[in-house]
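*Asks:* Each protein sequence line maps, in turn, to chains A and B. Each residue of the first sequence is one higher than the one before, counting from 1 in my numbering. Each residue of the second sequence is one higher than the one before, counting from 1 in my numbering.
Don't read these hints as lab results, they were simulated from the structure. What you are looking at is a predicted structure, and each value in this text was computed from that prediction instead of being measured. Treat the hints with care, since some could be wrong.
To be verified - Pairs of lysine-lysine, DSSO-like flavour, derived with a Cα cap of 27 Å:
1. K449(B) with K41(A)
2. K162(B) with K41(A)
3. K194(A) with K354(B)
4. K449(B) with K73(A)
5. K162(B) with K196(A)
6. K354(B) with K449(B)
Claimed, not checked - Among the chain A residues that face chain B by a calculated CB cut under 10 Å, a handful are:
7. F68
8. N72
9. W97
10. P146
11. G183
12. I187
For glycine and all other residues, C-beta sits at the position ideal for the given N, C-alpha and C.
Residue-level listing of the chains:
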Amino acid sequence: MRLCVKKKHNMEKFTTIQTTAVPLNMEDVDTDQIIPARFLKATTREGFGDNLFRDWRYNSDNTFKEDFVLNNKNYSGKILVVGKNFGCGSSREHAAWAIHDYGFKVVVSSFFADIFKNNALNNGLLPVVVSPAFSQKLFSEIEKNPATEIKVDLENQTIEITSTQEKENFDINPYKKTCMINGYDDIDFLLSLKDKVEAFENKSH
Amino acid sequence: MATTLFEKVWNAHVVQSIENGPQVVYIDKHFIHEVTTPQAFAGLDKRGIKVLRPKQTIATADHNVPTKNQLLPIKEALSKKQVDTLIENCKNHNIELYGLGHPFQGIVHVIGPELGITQPGLTIVCGDSHTSTHGAFGAIAFGIGTSEVEQVLATQCILQTKPKKMRINVDGVLGKGVTAKDIILYIISKISTSGGTGFFVEYAGSAIRSLSMEARMTICNMSIEMGARGGIIAPDEITFEYLRGRKFVPQNFEAAKEKWKLLKTDDDAVFDMEYNFDAADIEPMITYGTNPAMGLKISEKIPTNDDAGLEKALDYMGFKKGQSLIGKEIDYVFLGSCTNSRMEDFRQFCLFVKGKQKAANVTVWIVPGSKQIEQQAIAEGLDIILKEAGMELREPGCSACLGMNEDKIPAGNYCVSTSNRNFEGRQGQGARTLLASPLMAAAAAITGKITDVRELI
Ligand code: SF4
Numbered sequence: 001m002r003l004c005v006k007k008k009h010n011m012e013k014f015t016t017i018q019t020t021a022v023p024l025n026m027e028d029v030d031t032d033q034i035i036p037a038r039f040l041k042a043t044t045r046e047g048f049g050d051n052l053f054r055d056w057r058y059n060s061d062n063t064f065k066e067d068f069v070l071n072n073k074n075y076s077g078k079i080l081v082v083g084k085n086f087g088c089g090s091s092r093e094h095a096a097w098a099i100h101d102y103g104f105k106v107v108v109s110s111f112f113a114d115i116f117k118n119n120a121l122n123n124g125l126l127p128v129v130v131s132p133a134f135s136q137k138l139f140s141e142i143e144k145n146p147a148t149e150i151k152v153d154l155e156n157q158t159i160e161i162t163s164t165q166e167k168e169n170f171d172i173n174p175y176k177k178t179c180m181i182n183g184y185d186d187i188d189f190l191l192s193l194k195d196k197v198e199a200f201e202n203k204s205h
Numbered sequence: 001m002a003t004t005l006f007e008k009v010w011n012a013h014v015v016q017s018i019e020n021g022p023q024v025v026y027i028d029k030h031f032i033h034e035v036t037t038p039q040a041f042a043g044l045d046k047r048g049i050k051v052l053r054p055k056q057t058i059a060t061a062d063h064n065v066p067t068k069n070q071l072l073p074i075k076e077a078l079s080k081k082q083v084d085t086l087i088e089n090c091k092n093h094n095i096e097l098y099g100l101g102h103p104f105q106g107i108v109h110v111i112g113p114e115l116g117i118t119q120p121g122l123t124i125v126c127g128d129s130h131t132s133t134h135g136a137f138g139a140i141a142f143g144i145g146t147s148e149v150e151q152v153l154a155t156q157c158i159l160q161t162k163p164k165k166m167r168i169n170v171d172g173v174l175g176k177g178v179t180a181k182d183i184i185l186y187i188i189s190k191i192s193t194s195g196g197t198g199f200f201v202e203y204a205g206s207a208i209r210s211l212s213m214e215a216r217m218t219i220c221n222m223s224i225e226m227g228a229r230g231g232i233i234a235p236d237e238i239t240f241e242y243l244r245g246r247k248f249v250p251q252n253f254e255a256a257k258e259k260w261k262l263l264k265t266d267d268d269a270v271f272d273m274e275y276n277f278d279a280a281d282i283e284p285m286i287t288y289g290t291n292p293a294m295g296l297k298i299s300e301k302i303p304t305n306d307d308a309g310l311e312k313a314l315d316y317m318g319f320k321k322g323q324s325l326i327g328k329e330i331d332y333v334f335l336g337s338c339t340n341s342r343m344e345d346f347r348q349f350c351l352f353v354k355g356k357q358k359a360a361n362v363t364v365w366i367v368p369g370s371k372q373i374e375q376q377a378i379a380e381g382l383d384i385i386l387k388e389a390g391m392e393l394r395e396p397g398c399s400a401c402l403g404m405n406e407d408k409i410p411a412g413n414y415c416v417s418t419s420n421r422n423f424e425g426r427q428g429q430g431a432r433t434l435l436a437s438p439l440m441a442a443a444a445a446i447t448g449k450i451t452d453v454r455e456l457i
């Protein structure tokens, strides 16, 4: 397999992460909630973190909604644990940018919507798919003790609740794994196929 | 080996397969709009590269544009900047732009088909999830993120994992007042917002075959609302007759048609998943909750099961478990969006409202999918019918479908909408959306409340 040759312009290398986590225990969270359309007017990729989950996080007078988990001081960390079918709806990549920009490096769910998953992978945000049982365990451990640390090891494809040492393997496409670990970029790889693309065009058109 | 329609088109576009990885898929047509592209062009500029095949990319301004006085400068500074950035990027990269004021401007998924750019057997992408619309022509069409837009601009290819295959058969005859929108809302209510995730869906069966191209587009459009990457319908005489004579179809149309005729699923091809539905079981549909699967037949009541998601949704919508929606007063009606803003939708809506008066408590927004539709509606006198009913024909764009421009439904208000998403805040902060067909929307506009349209036709 010939892989991406250069380093991605804006993607960091991903190795192992061990931090506390934020539990967003809701299903079917759509990208309109992650970043509402009225914040999609920017022409750069930066700054979307401020409006992550805007309408769940803030009241209309811009004060914090106390009961939303991102505003709960007990929870912090670089890992966001979410319910199933996360990221459904609109294809807006701004959703992945907003989560990454806010400071998360990993999103854990038992089920992601397709486009969101691709968008996350393309932006150095690792989507980790766990079993429904492990997802439940994560929520209950974190909610019981917000200091619970989660370790995500991309090289070995494992996710672990460090206090209980409960561990699960997760799947990731080997190509995408290589890209994430090395900070490689799809475009560099595709550009390296230029001759093949031209040959394809000549053959089929 | 027997193959499906999807596989035939997909396999013909694979440039390279990566072992244990995604495939490199060649893209024939790429649609772009102002919202999901600025960062992609910025990426190209940063690398110092140009768009590889500018003639295969077609641009329009739709998501963020006003639907009144489109020829005046856009008032909202950020919206203006996005539209201006698109103009600038298209100029720098030699891309055809059907921007504001152009006779072909409109919602990206409406203009592709009406110009004949969308054709059977093509691969089509766009930085918008409802790209699935184009699948109605037997094309593989799906939404992508901005990084992928950049990939396509730079290389005319995209890296994709081949989705699994699903077929949904709808057989039989539709009842009175039941339309394509009801079929797809019904299907989604049965298989959930994630039931199609990981799949590409082929729609088949006698009820689908009998539909017009406009109606087929409505069905494929909402494939994404069950999580599917896209929907596809085998092209047939209805497809060919729709395309014949359109601006960008192949010059030798008959030869193209012979090739397109081969695009169908082999009789013994096997799907990973298959559903069968009976058209006679479908009624006019309406949604009651905050995702498109929370829909019911108009004669049904809101479910009563214990479910945190349902309770949260009903709390937002101001509804109760076990409630019927019939008779519920509403505030807005929106006819528009890439789901239902084509001529057929306008004709259906206008046929119903003709000679009637809009209810005093309702504000009605009628937004055509394209400039060509707007002109055609005027040519057919639909603007007069609307005016006499107390409604106004606006100019094309996404409008209240996502409330990015000034067309926002106020918080707490109910809107019967022909669009595709009823997520919290989708049509404006706090807005409460009820998805339905153009016919159901027309009935609501006239009566001022949720009405079973079958009683009025
Ligand atoms: S009309 Fe709505 S769904 Fe369609 S492209 Fe525009 S915003 Fe997206």
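*Asks:* All the hints need checking, so say for each whether the structure fits it.
*Replies:* Going down the list of hints, with the structure as the test:
| no. | hint | in the structure |
| --- | --- | --- |
| 1 | K449(B) with K41(A) | 34 Å, violated |
| 2 | K162(B) with K41(A) | 32 Å, violated |
| 3 | K194(A) with K354(B) | 57 Å, violated |
| 4 | K449(B) with K73(A) | 44 Å, violated |
| 5 | K162(B) with K196(A) | 20 Å, holds |
| 6 | K354(B) with K449(B) | 18 Å, holds |
| 7 | F68 | 13 Å, violated |
| 8 | N72 | 18 Å, violated |
| 9 | W97 | 8 Å, holds |
| 10 | P146 | 21 Å, violated |
| 11 | G183 | 14 Å, violated |
| 12 | I187 | 5 Å, holds |
When held up to the earlier numbered hints, the structure conflicts with 1, 2, 3, 4, 7, 8, 10 and 11 and fits the remainder.
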